[in-house]
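Protein chains: 2
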Amino acid sequence: MPVDPKAAIEVTAFAWVPDFAKGQVRDLRVRWALEEAGLAYRQRLLDAMSPRPEAYFQEQPFGQVPAYRDDTVQLFESGAIVLHIGEDCEALLPRDIAGKARATAWLIAALNSMEPRILELAIIDFFHRDAEWARLRRPEVLEKVREKLARLAAWLGDKEYLEGRFTAGDLMMAAVLRALRHTDLVAEQPTLAAYLARCEARPAFQRALAAQLESFAKSPAAAVA
Amino acid sequence: MPVDPKAAIEVTAFAWVPDFAKGQVRDLRVRWALEEAGLAYRQRLLDAMSPRPEAYFQEQPFGQVPAYRDDTVQLFESGAIVLHIGEDCEALLPRDIAGKARATAWLIAALNSMEPRILELAIIDFFHRDAEWARLRRPEVLEKVREKLARLAAWLGDKEYLEGRFTAGDLMMAAVLRALRHTDLVAEQPTLAAYLARCEARPAFQRALAAQLESFAKSPAAAVA
Numbered sequence: 001m002p003v004d005p006k007a008a009i010e011v012t013a014f015a016w017v018p019d020f021a022k023g024q025v026r027d028l029r030v031r032w033a034l035e036e037a038g039l040a041y042r043q044r045l046l047d048a049m050s051p052r053p054e055a056y057f058q059e060q061p062f063g064q065v066p067a068y069r070d071d072t073v074q075l076f077e078s079g080a081i082v083l084h085i086g087e088d089c090e091a092l093l094p095r096d097i098a099g100k101a102r103a104t105a106w107l108i109a110a111l112n113s114m115e116p117r118i119l120e121l122a123i124i125d126f127f128h129r130d131a132e133w134a135r136l137r138r139p140e141v142l143e144k145v146r147e148k149l150a151r152l153a154a155w156l157g158d159k160e161y162l163e164g165r166f167t168a169g170d171l172m173m174a175a176v177l178r179a180l181r182h183t184d185l186v187a188e189q190p191t192l193a194a195y196l197a198r199c200e201a202r203p204a205f206q207r208a209l210a211a212q213l214e215s216f217a218k219s220p221a222a223a224v225a
Numbered sequence: 001m002p003v004d005p006k007a008a009i010e011v012t013a014f015a016w017v018p019d020f021a022k023g024q025v026r027d028l029r030v031r032w033a034l035e036e037a038g039l040a041y042r043q044r045l046l047d048a049m050s051p052r053p054e055a056y057f058q059e060q061p062f063g064q065v066p067a068y069r070d071d072t073v074q075l076f077e078s079g080a081i082v083l084h085i086g087e088d089c090e091a092l093l094p095r096d097i098a099g100k101a102r103a104t105a106w107l108i109a110a111l112n113s114m115e116p117r118i119l120e121l122a123i124i125d126f127f128h129r130d131a132e133w134a135r136l137r138r139p140e141v142l143e144k145v146r147e148k149l150a151r152l153a154a155w156l157g158d159k160e161y162l163e164g165r166f167t168a169g170d171l172m173m174a175a176v177l178r179a180l181r182h183t184d185l186v187a188e189q190p191t192l193a194a195y196l197a198r199c200e201a202r203p204a205f206q207r208a209l210a211a212q213l214e215s216f217a218k219s220p221a222a223a224v225a
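These protein sequences, in sequence, are chains V and E. Residue numbers are given in the numbering used here: position 102 of the first sequence equals residue 102, and the series is strictly consecutive. Residue numbers are given in the numbering used here: position 5 of the second sequence equals residue 5, and the series is strictly consecutive.
Honestly, the hints are just simulated from the structure, not real lab data. A quick note: this is a predicted structure, and the numbers were derived from the prediction, not measured. Careful: at least some of the hints might be erroneous.
Identical copies carry no separate label here, and so any pair may be met within one copy or between two of them.
[To be verified] Simulated pairs of lysine-lysine, DSS-like, Cα-Cα distance not exceeding 27 Å: (1) K159 - K218; (2) K159 - K148; (3) K218 - K144; (4) K6 - K159; (5) K218 - K22; (6) K148 - K6; (7) K144 - K6; (8) K22 - K144; (9) K159 - K22; (10) K148 - K22.
Could you put together the complete structure from these sequences and hints?
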């Protein structure tokens, strides 16, 4: 769906971010879920480089993006927003209790079992590359990430998606694995590399990524605070 | 509810852990949710000190605890298990769409916005206290945790719970904040200290904690692999 200034759903994102963060900011996950669900959305773009307006903390208590609103609810946390969109979208969350719970388990696994370790590595690589502590710490973090990836690859085996069919769990897992793009860690596991490519080839992902990148391409002056 | 060997719900936990982890292992979150819901469960206790049996990775792809099963589904990830229990328990998840989504947002915020930083600090303090990298890194991690706690306290204000009434979001937030018990960080924010005490005073939490600690009190020889 094209971004539509008149849509009922609003996604808050950043007007501009440094190159390493382009295609990585977490509103991508929400845009992707909305594309899978076929829902149009309007965007509100914040200036990432300025302090967040105090009123924004009422929408996003930690000042992060994305924030989200529709006719029913105002929300924060990309994981919760994707689950909320999934409540009415079988492409994201199966309707049966077991299928829905399993998809949710993978979404949470992406956010709580995979992402903390991956983020630890990304923080070292993008923000502390030359620090002494980072040089000393990185090998062990790398090993922990490798262990998680090996377990994920073992689970996946020859399945197309984590539960056979695509769900919100795959959406979140793929979004989290993308934070390793500056490394060879995913490529070291051909099963995972093929899985990530499969997720990223989905038309809904491609439209979501294009929409995020397009929003950055506009002048930072277009940002509203 | 007492732990009941004949219950339909099974929770997998550890038979024994070192003292610093007692009352912290993540099956506590699931026990607490089951107590709030008034559901009996049986427990299967794994030997934490031995390698996980290979078959267990089919239940928990990363070899962690808890794992969970009921008549409908086999699950992993404490966050997903709590949400699944909440689907049939208004004490955990309000029935209205907006209330349910807001409670879910706080549960995810606990797992993805708060816990990664808190865990980074706990990993330093419990596993790397004497490492050079930890000495260099700790002050900044501490500052990041303090920032998150201050934002959480600001949101909470004079509310009893994050959304006014208790939800699964408070359950998860309290469980995550408990990982700072070895520090004064929560006490530095009187609003948060009172909130955590309020959550921990709930009879369901007290019963869940007692059940976890009681399982550790048994001989390690009682563990089944």
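These are the hints, each one checked on the structure:
no. : hint        : in the structure
1   : K159 - K218 : neither (40 Å within a copy, 41 Å between copies)
2   : K159 - K148 : within (18 Å within a copy, 39 Å between copies)
3   : K218 - K144 : neither (39 Å within a copy, 32 Å between copies)
4   : K6 - K159   : neither (40 Å within a copy, 35 Å between copies)
5   : K218 - K22  : within (13 Å within a copy, 52 Å between copies)
6   : K148 - K6   : neither (42 Å within a copy, 34 Å between copies)
7   : K144 - K6   : neither (45 Å within a copy, 38 Å between copies)
8   : K22 - K144  : both (26 Å within a copy, 23 Å between copies)
9   : K159 - K22  : neither (30 Å within a copy, 37 Å between copies)
10  : K148 - K22  : both (25 Å within a copy, 25 Å between copies)
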